[in-house]
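> Add chains Y and P to chain H, keeping to what the hints say.
Listed below are the residues making up each chain.
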Amino acid sequence: MILAALWGMVISGMVGFVRVIRGPSPADRLVAADALSVIFTMVLVLLSLYIETPFLLDVALAFSVLSFADMLLMAKYFEHGELHK
Amino acid sequence: MILDVLRFTGGICIAAGVFFSFAAVVAILRFPDVFTRLHGSSKALSGGAILILLGALPYTGTVSGAMKLVLIAAFFLVSNPMASHAIARAARKRGKEENGQ
Amino acid sequence: MNVSLLAVLYLFIAVTALVAVLLEDLLSAFITLSFTGVLMATVFALLRAPDVALTQAIINSGLVTSLLLVAYSQTRKTPHPPEVCDECPSWLQVKVPAFVCSVLGLLLFRGLYSLAGERSLPEASAHYLARTLEETGALNVVGALLLDYRAFDTLGETTVIFAAVSGVSILLSGGRRVQSGHGLSYIVKRGMALLTPFILLYAASILFLGHLTPGGGFQGGSVFATVAILMCVVYGTGFEASRISSKSKEILEAGGAILFVLVGLLGIAWGAGFLSNLPAPFSAGTPGSLLSAGNMPLLNIAVGLKVGAGLSSIFYAMIKILELEDD
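Protein chains in written order, with my numbering: chain H, 1 to 85; chain Y, 1 to 101; chain P, 1 to 327.
So here's chain H without its partners, still in its complex pose:
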């Protein structure tokens, strides 16, 4: 059950990566990267249930915090061309 959900999320991730390859502008790739980081946070949560390592939930929490920071950084760079404006 959890394994089927895991495979479903990984396959969604692989399909979503096509937009990173194809997207004509960096904004498309940013949208796809945002969605992919959420999908892989969920992959980490499901992994912690599947291989019964409860410490992976800490990793999932840290990853959700930091991928949010990552998206903000890249959106700022895309908008202004520099990070310190």
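Because the hints were derived from the structure by calculation, they are not lab data. Glycine is no exception: its CB is placed at the ideal position from the N, C-alpha and C atoms. Check each hint, because a few of them may be wrong.
Keeping only pairs whose Cα atoms sit at most 25 Å apart, straight-line, the calculated PhoX-like set for lysine-lysine is [claimed, not checked]:
1) K189/P - K85/H
2) K85/H - K247/P
3) K85/H - K96/Y
4) K95/P - K189/P
5) K43/Y - K189/P
6) K85/H - K77/P
7) K85/H - K95/P
8) K96/Y - K249/P
9) K85/H - K93/Y
10) K43/Y - K93/Y
11) K189/P - K93/Y
12) K93/Y - K77/P
13) K189/P - K96/Y
Rough simulated footprint, nothing fancy, chain Y against chain P, three-plus residues with beta-carbon under 8 Å [to be verified]:
14) 184–191
15) 194–206
The following block gives chains Y and P in isolation, referenced to the frame of chain H:
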């Protein structure tokens, strides 16, 4: 017995969450413009992630694991719309610049 | 089942890295590279290594992206010359690296079967896994290895960070920082104001509980540095510069290093050896409580101070030089 019922409900929630995530990925692939892609993916993924996190609650053995899941869901509910807003604003500003103000 | 998922993720990493190399626009390449880091963290998690996965997630998403973007925004964007550079023949530029990378990739791919299955541990690992709790009092074996068994190497790591920060500060000194208040939009500013206390609390929890859960000084310090970088990015340079001056960052960084060495010297003063934990007068406490594992909480705080202050100093030094070029 009650744990089996809870786990079954959790399994249904996880399956629904995976379906919504796949719908979000389809939105990213098939919609025509960057704003429509952002709209579809952000909405569907917020719902799908919350469903997966709630459905995973009966599968964790400890109270601390369940509280970590609730924390992830709460942080995600606040932060993902903010990230999508930042990306949308950046895309609109760059679109206006490229089209000549 | 584990092995097939691992194999699929490995191939995905290879494809992602190839795409990142082949994309022409560098911002898109950075986006793809950060996604490669996400995948690597997932692979580490699948191989049951939560400490390594945590470190990979934190460093890749927070710090690599920001430092790469700042470094890239400093370069002049001259257009790419249309023809390939003719001093270096084309087979050396493309075919030899592709061959070397494929050979290495195939060798590493062979290793995945031995990593995913059950295997017998080497003698040192078996000793550490069995005896860590009674010899150090810590539950987190990786943290105990870093701060008790091999604490001298951690001192070397903090010296490396100190050298990097000094080098960057010396190279990029002499610029000034313009106070600009743009930042991101109002929604993001208010949202960050809501979230920042919780992120700081979470960073402190990674740091203080390093001897119990995956994490420790380095990871907690990196999250602190990421919050400092986010303050500059979201609120503009006019905000953060007035709150945490660079002088106090230098004091924090030096204070972390001094605390580390002082804790080590305390071991010598008791007659047990430099950086010794339980033989010196540090009590093991009850396993699982906050004040346990001897001097590991103190060393975690020292490393966290140093890493957090050092990495954010690097970022602010690199921003400072930008202003000088703008005139």
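> Determine for every hint whether it applies to the structure shown.
Results of checking the hints against the structure:
1. Among the hinted pairs, K189/P with K85/H is consistent with the structure: their alpha-carbon atoms are about 14 Å apart, no more than 25 Å.
2. Of the pairs offered as hints, the one joining K85/H and K247/P holds, with about 22 Å between alpha carbons and a cut-off of 25 Å not exceeded.
3. With a C-alpha separation of about 19 Å, the suggested pairing of K85/H with K96/Y holds against the 25 Å cut-off.
4. Restraint check: the Cα-Cα separation between K95/P and K189/P comes to about 48 Å, which exceeds 25 Å; the hinted pair is violated.
5. With a CA separation close to 22 Å, the supplied pair K43/Y and K189/P stays within the 25 Å bound.
6. Annotation: proposed proximity of K85/H to K77/P holds, straight-line Cα distance about 18 Å (limit 25 Å).
7. At roughly 42 Å between alpha-carbon atoms, K85/H and K95/P are farther apart than 25 Å, so this suggested pair is violated.
8. For the hint linking K96/Y to K249/P, the alpha-carbon distance of about 40 Å lies beyond 25 Å, and the restraint is violated.
9. Among the hinted pairs, K85/H with K93/Y is consistent with the structure: their alpha-carbon atoms are about 15 Å apart, no more than 25 Å.
10. For the hint pairing K43/Y with K93/Y, the CA-to-CA distance comes to about 22 Å; that is within 25 Å, so the pair holds.
11. Taking the CA atoms of K189/P and K93/Y, the gap is near 18 Å; set against the 25 Å cutoff, the hint holds.
12. Taken as a hint, the K93/Y and K77/P pair is honoured in the structure, with Cα atoms around 21 Å apart against an allowance of 25 Å.
13. Among the hinted pairs, K189/P with K96/Y is consistent with the structure: their alpha-carbon atoms are about 23 Å apart, no more than 25 Å.
14. Only when three residues or more bring their CB closer than 8 Å to a CB of chain Y does the claim for the stretch 184–191 of chain P stand; here the count is 5, and the claim holds.
15. Only when three residues or more bring their CB closer than 8 Å to a CB of chain Y does the claim for the stretch 194–206 of chain P stand; here the count is 3, and the claim holds.
Violated hints for the displayed structure, listed by number in ascending order: 4, 7 and 8.
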